[in-house]
Structure formats: structure tokens, C-alpha cells
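Visitor: Next come the chains, spelled out residue by residue.
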Amino acid sequence: MNLIKYLLVGFVFGVVLTKSEAVSWYRIYEMFQFDSFHMYGIIMTAIATGVVGIQLIKRKQLKDIKGLPIEILDKERGTFRYWIGGLLFGLGWALVGSCPGPIFILIGSGFMSVGFVLFGALFGTYIYGFVKDKLPH
Amino acid sequence: MSTNLRSICSFMGAGKRVSFFDWDWKSQRWNLVVVAGAMVGGYFATHFLSDVSNVSINPVTIQKLQKIGIDAPQGKLLPDAIFGAEVFHSPQKMLFLIFGGVLIGFGSRYAGGCTSGHAITGLSNFQLPSLKAVIGFFIGGLIMVNLIFPLIF
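One line per chain: the protein sequences are A and B, in this order.
Last residue of the first sequence? That's 153 in this note's numbering, and every number before it is there in order.
Last residue of the second sequence? That's 170 in this note's numbering, and every number before it is there in order.
Check the hints yourself; a few may be wrong.
Far from chain A, some chain B residues (derived; all Cβ distances over 10 Å) [what the hints assert, rightly or not]:
#, residue
1, D41
2, W42
3, V69
4, K84
5, G86
6, L94
7, P167
Quick partial rundown of chain A residues pointing at chain B, CB under 8 Å, derived from the structure [what the hints assert, rightly or not]:
#, residue
8, L19
9, V25
10, F27
11, V28
12, F29
13, Y42
14, F48
15, G57
16, A62
17, I70
18, L84
19, E87
20, K91
21, G106
22, A110
The list that follows gives simulated cross-link-like pairs (lysine-lysine, DSS-like), each with its CA atoms no further than 25 Å apart [stated by the list, open to error]:
#, chain 1, residue 1, chain 2, residue 2
23, A, K21, B, K43
24, A, K82, B, K43
25, A, K82, A, K35
26, A, K82, A, K150
27, B, K84, B, K110
28, A, K21, A, K35
29, B, K33, B, K43
30, B, K81, B, K93
31, A, K76, A, K21
32, A, K21, A, K79
33, A, K148, B, K33
34, A, K148, B, K43
35, B, K43, A, K79
36, A, K150, B, K33
37, B, K110, B, K81
38, B, K93, B, K110
39, B, K93, A, K35
These are calculated hints, taken from the structure and not from any lab test.
Keep in mind it's a predicted model, so treat the numbers as computed, not measured.
Yeah, the Cβ is synthetic: ideal placement off N, Cα and C, and Gly gets one too.
This is chain B alone, in the form it adopts within the complex:
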């Protein structure tokens, strides 16, 4: 999945300045079509296959979220506190999302894959590098949720 980020950079012309993006991204066009299908699938699932009972997370988790000021799911996939319409008026919230994206984009390319490439297909194929990356994913996630969230919320 994360390879598509590289393809899109190349599509937008990054290959002229940075050689990493001067590659045969057109051979990855099929992957971009998978992404297009996934976007349609997401639209279909959220608009025609969902109801208010969705995302019934552990009540204990809801209490933890309440303490840091994040609204309970109540059928929503994403919290309004982070992804709601106010984002478009709050540079701070915009930067929060962009910064998260930068970590995802940089980290997945540095590690050579994301959840799909390492956690799912890499581990399925018994790849030791993928195991290292997945352990890294979890250490990073645990640090963020348990050590950094209490500081930023």
C-alpha cells in the first residue's frame, strides 16, 4: 500500500529532482487501481453497509478517551475531536494530521513497507526483516499512545 505514496510522488513529477522517484512507477499502475477500488469499497461500506452499532470499543477505552477529551465513537469510525470539520479552521489540528502523515510516509518508506507489506504479507512469508519492522511499529505505537498522548492531550 505504501508504495502507492511513492508512485504518486513520481506521478506529480518528483522524479525530476530526486532520483528515488525516477523509477518505473508505471509498472505499479495496477497498485494505484487497487487503491481506487479500495476508495470505492470504503465509500460503499460506509454509506450502505453501516449502522449506529459500529465501532463498539471497550467501555474502559471510552473512559480513557474521555479523560483526554476525545469523544466516544457512537457509530463513528473517527473521533470528531481529531477529524471533525473544525480541522479546516484550526491550523493546529491541521498540523497534527499532517505531522502524523509525515511519520507514516517517512517511516513506511524507510522501513520498506507498512502494515500490509510487513505485518501481513512479510510475516506470512516468514521474513525476519518484517518481524523487526513490525516490532518497531508496535514499540512506536505504544510510545505514542502511552507516553506521548498524555503530554499532548
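Isolated chain A (complex conformation):
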């Protein structure tokens, strides 16, 4: 398996999220206080870039690195799971100021206490797997 390309993509992702301070608890707090455009700017720039990229892929029917067509699956239909799951995620995101990507990035940066957040996130994922069939989606 040629893993270097994935490692490189991850490396750039880690550097950009750190340097843009999207991994900072402070920036998340500031965002939810509407005190700065900073995080909104990052998110909106990322979405704008994504829109251009996805439209190019779809309209030009671009191929991936192996020459296969790129398929981007639509999200499953649903209501409850998105509202309630999203709400719970948002509570956690604001509480510890990190989403899954930054959890890993911060641990890599040497913030060992974020290991507790990762432990919790794995445990939360496990709980979901355990109760999944009993939840409305």
C-alpha cells in the first residue's frame, strides 16, 4: 500500500488546523460567543473551496488517482439522528473545544490531557454502537 500520500494529506491537515487555530479551545469558545469572525471565516472558506472542488469533480467527471470515477455518496435521509446527534455533538464540541480531527492533532502536538477526551470519544462511539438499534434515526 502506498501510504505516503495519505500521510502527506494528514500532515497538511494537521498543520493548517493548528496554524489557523481551529484546534484551539479558545477559538471555539470565541465562536460560540460571536466575538470574532475567525472560525466562521475558516469554516466558510473551507466550504467555498469544497463547493468548487466537488462541482469540478462532478461536471468534469474527474477520475481518482487510480483512474476510477470519483463517487461522492449522498448522506442518508433522516431527521432525528441529525438534529439530536448534532445537538449532542455541539455540546461536546463547545465543552472541550475540539472535534475529532483536533483531538488527534492536539495529542500529536503533545497535549497529553486531550487523551482523556479521546478516551471519552471512543467510549461514546462504543455506547452508540451498543444502543444504535434502540435509537430513532
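Mind docking chain B on chain A? Use the hints.
Guide: Same frame as chain A, but now just chain B:
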């Protein structure tokens, strides 16, 4: 990004007990490599590309933080009050971080994605479910910061 949490659960053997983790996680190995790269990238950025002018948040925000007893950034990415070394001696602070993690892990899997999957790539692809999830993220975040923080700090 949050799919990696599921992959790691499966890697640790959760698939033996819970069918949700009995899936083809090995097809997601590339994603775990991206995570490894992101960790190296974070290390590189914090150790070689940072200085004390980092995280210059709004002074108004710093005042709000002072009121709830959280130290100003002064170049740090994370507040010591929540992530400092005392965490390892304080079960209360440990539980705080673990509880936040549980909400993130459970919520992202329930919603089928996190900030990267819904807010960035989902909205870029004009997915209505992602819009619902992102609105949920923000409602949750606003409730936490504006209604729950004043109660817990």
C-alpha cells in the same frame, strides 16, 4: 474524521461484542494514516511554526473568560484551567474531559459525521441532512457556552 473513532473501537476488538463494530474497518486504514499524518503535522506546527503572538482572541472574550476563571491564551492553544497538568491529579477535571469526549463520540456517530463530514464536506456537497446536523452542532454549542458554562464554572 469521526469514522476513525469507530475504526479504532473495531481495531481494539469491539466487533466481537457489538455488531456495529464488526465491519470492514480495514478498508478505512487509509483514513487512520491521514490521522497519523495529522498528528505529525500538529507536532510540527506547534514545535516549529508557532510563537507567542498565537491565539490573539478578542479582548472582550478574554474578559468573559476571566469572569469564569479561565486563563487568557498568551500564545497557548489550550487553557491550563481545563487542560493543564493538574488534570492528572484531579478526578473532577478528568471526568470533565471524558464527558466532553463521550458527547463528541456519541453525537458524531449518531449524527453520522462531525465537523469535517457534515459542516465542511456535507455542506460543500449541498446535503440537506448535513445542514440539519450543522444547525444541531451550533444549537448545542450555543447552549453549552451560554447556558451551561455559567452553571459549571
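Visitor: Could you run down the list of hints and mark each one as holding or not?
Guide: Structure-based check of all given hints:
| no. | hint | verdict |
| --- | --- | --- |
| 1 | D41 | holds (15 Å) |
| 2 | W42 | holds (12 Å) |
| 3 | V69 | holds (14 Å) |
| 4 | K84 | holds (12 Å) |
| 5 | G86 | holds (13 Å) |
| 6 | L94 | violated (4 Å) |
| 7 | P167 | holds (12 Å) |
| 8 | L19 | holds (5 Å) |
| 9 | V25 | holds (6 Å) |
| 10 | F27 | holds (4 Å) |
| 11 | V28 | holds (7 Å) |
| 12 | F29 | holds (5 Å) |
| 13 | Y42 | holds (5 Å) |
| 14 | F48 | holds (4 Å) |
| 15 | G57 | violated (13 Å) |
| 16 | A62 | holds (5 Å) |
| 17 | I70 | holds (5 Å) |
| 18 | L84 | violated (15 Å) |
| 19 | E87 | violated (12 Å) |
| 20 | K91 | holds (4 Å) |
| 21 | G106 | holds (2 Å) |
| 22 | A110 | holds (4 Å) |
| 23 | A:K21 <-> B:K43 | holds (17 Å) |
| 24 | A:K82 <-> B:K43 | holds (19 Å) |
| 25 | A:K82 <-> A:K35 | violated (32 Å) |
| 26 | A:K82 <-> A:K150 | violated (40 Å) |
| 27 | B:K84 <-> B:K110 | holds (19 Å) |
| 28 | A:K21 <-> A:K35 | holds (21 Å) |
| 29 | B:K33 <-> B:K43 | holds (15 Å) |
| 30 | B:K81 <-> B:K93 | holds (17 Å) |
| 31 | A:K76 <-> A:K21 | holds (23 Å) |
| 32 | A:K21 <-> A:K79 | holds (16 Å) |
| 33 | A:K148 <-> B:K33 | holds (16 Å) |
| 34 | A:K148 <-> B:K43 | holds (22 Å) |
| 35 | B:K43 <-> A:K79 | holds (23 Å) |
| 36 | A:K150 <-> B:K33 | holds (19 Å) |
| 37 | B:K110 <-> B:K81 | holds (21 Å) |
| 38 | B:K93 <-> B:K110 | holds (19 Å) |
| 39 | B:K93 <-> A:K35 | holds (12 Å) |
The structure does not agree with the numbered hints 6, 15, 18, 19, 25 and 26 stated previously, though it agrees with the rest.
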